[in-house]
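2 protein chains.
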Amino acid sequence: MTNKPLILVVNDDGVHAKGIHELIDVICNFGDVVVIAPESHQSGKSAAITVDAPLRATKIEENNGVVIYKCNGTPVDCVKLGFNQLLERKPDFVVSGINHGANSSISVIYSGTVGAAIEGSLHGVPSVAFSLCDYSPNADFSKAKIVCAKVFQRVIENGLPQFTCLNVNIPVGNIKGIKVGRQARGKWMEEFEKRTDPHNRDYYWLSGYFQSFEDETDDTDINALEDNFASVVPVNIDMTCYHALQELKRWDF
Amino acid sequence: MTNKPLILVVNDDGVHAKGIHELIDVICNFGDVVVIAPESHQSGKSAAITVDAPLRATKIEENNGVVIYKCNGTPVDCVKLGFNQLLERKPDFVVSGINHGANSSISVIYSGTVGAAIEGSLHGVPSVAFSLCDYSPNADFSKAKIVCAKVFQRVIENGLPQFTCLNVNIPVGNIKGIKVGRQARGKWMEEFEKRTDPHNRDYYWLSGYFQSFEDETDDTDINALEDNFASVVPVNIDMTCYHALQELKRWDF
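Chains as they are written, first to last, in this note's numbering: chain A, 1 to 253; chain B, 1 to 253.
Honestly, the hints are just simulated from the structure, not real lab data.
Model, not experiment: these values are computed from the prediction.
Careful: at least some of the hints might be erroneous.
Heads up, the list lumps identical chains together, so a pair's fine if it works in one copy or across two of them.
Pairs of lysine-lysine residues, derived as DSS-like cross-links and limited to a Cα-Cα distance of at most 27 angstroms, are as follows [claimed, not checked]: (1) K249 - K187; (2) K176 - K249; (3) K249 - K143; (4) K194 - K70; (5) K194 - K90; (6) K150 - K59; (7) K59 - K143; (8) K194 - K179; (9) K145 - K176; (10) K150 - K194; (11) K249 - K70; (12) K90 - K187; (13) K59 - K176; (14) K90 - K143; (15) K176 - K4.
With the rest of the complex left out, here is chain A (with noise of 0.2 angstroms):
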């Protein structure tokens, strides 16, 4: 038995990520850390729960008061299952990453490291996705690390609102700062690469860029990225659309 906070880690890009090993080697500072993570690469996999197959868990490395678990699920399966399962006590705070690559703006919708945070935050924990705009394999992590543990300081020190969690995405190279600020609007174009494969049948490669919808002056996650500062969102669970709803009410049913 132990006073330290527990905390457990997720990601999406799978348990043998260099990312989630550089996020554990900053959390493991702060308490007790169990890790359960994918065990294969779950990208894009959003807030997406397996309905239709059982789940499997397996411990895979225990030392220096870490345990790792692989899983065969996604993200928030993973988190659902430490919740529900496998953990000996509701941990203190779920934190998801080091993402290889983006999660600002719309990716937010689609990305299962924010979908792990946001099933944390469900559970009544202070959550918190981090990515960096790398998708490397072997990408850098050490200046991402300090922003990491800043971060993290700050919402041990604080705690979050209710039903929150934070997107925290990091610029590579020198970082000026952290900025806090809200999702900027924008979406991917040209979101497909057309082939023909040797049969003569189509298929398609999720593709494209992004484009935002914003100007250069909004206080946007993805204007504090351009600026190589670090963005934390604070993300909701709540999706209503609280300024439609009264128009909505006096449509005639």
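Given chain A, put chain B in place with the hints provided.
Just chain B now, with coordinates in the frame of chain A:
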């Protein structure tokens, strides 16, 4: 060429589910219909996208102004593929469902049906997710179809605010009317059933029950459904928690 609206129909229960064919039967009265639906069950897929495998789509039916494609991707993949590759022009509306089972309250986070409607709204098109509170494959959709027609008629007349879709849930039995409200706060409890396989290894099935955190008088989707009203919730793609922004901006990084 036609002046009728072009309506993209999608679901998460798969192209052969009863619910989508009931929805087509309603929606084909309002315009030309193209269906792009998963070839297999995609429940709980949220806004997941397929990043690590190529997508395929095959036209399996075409008659009376209705074209049907099956696709090997998620509901969101189906919508993206429609907008970017398969449709000859930008559709005027996206409708998703009719889902076999409720997608009220926090299920909005996990639902592939709602994920597809969110994706439609992100493409700038009025989009609606329909769900019937009955998981049975042979559910009776006759009364639900009247609600779908009524809601969709109002969407055609009034449009929807930009980047906002509707999450419509329909109770079973006699329906008293349609109520607009917000997403109820609540979560799933005791989410797994643990079993042991013949080789003495543990596995876990997702299970559990929903618990609301609301009182009974609020204008939530759950309360509407419990009163036998269909519920309509406007859903946002901006997940920023605005009421937390100011507090977080005071944090000392």
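task: Quick one: which hint numbers does this structure break? Sort them smallest to largest.
output: Hints 6, 7, 8, 10, 11, 13, 14, 15 are the ones this structure does not satisfy, whereas the remaining hints hold.
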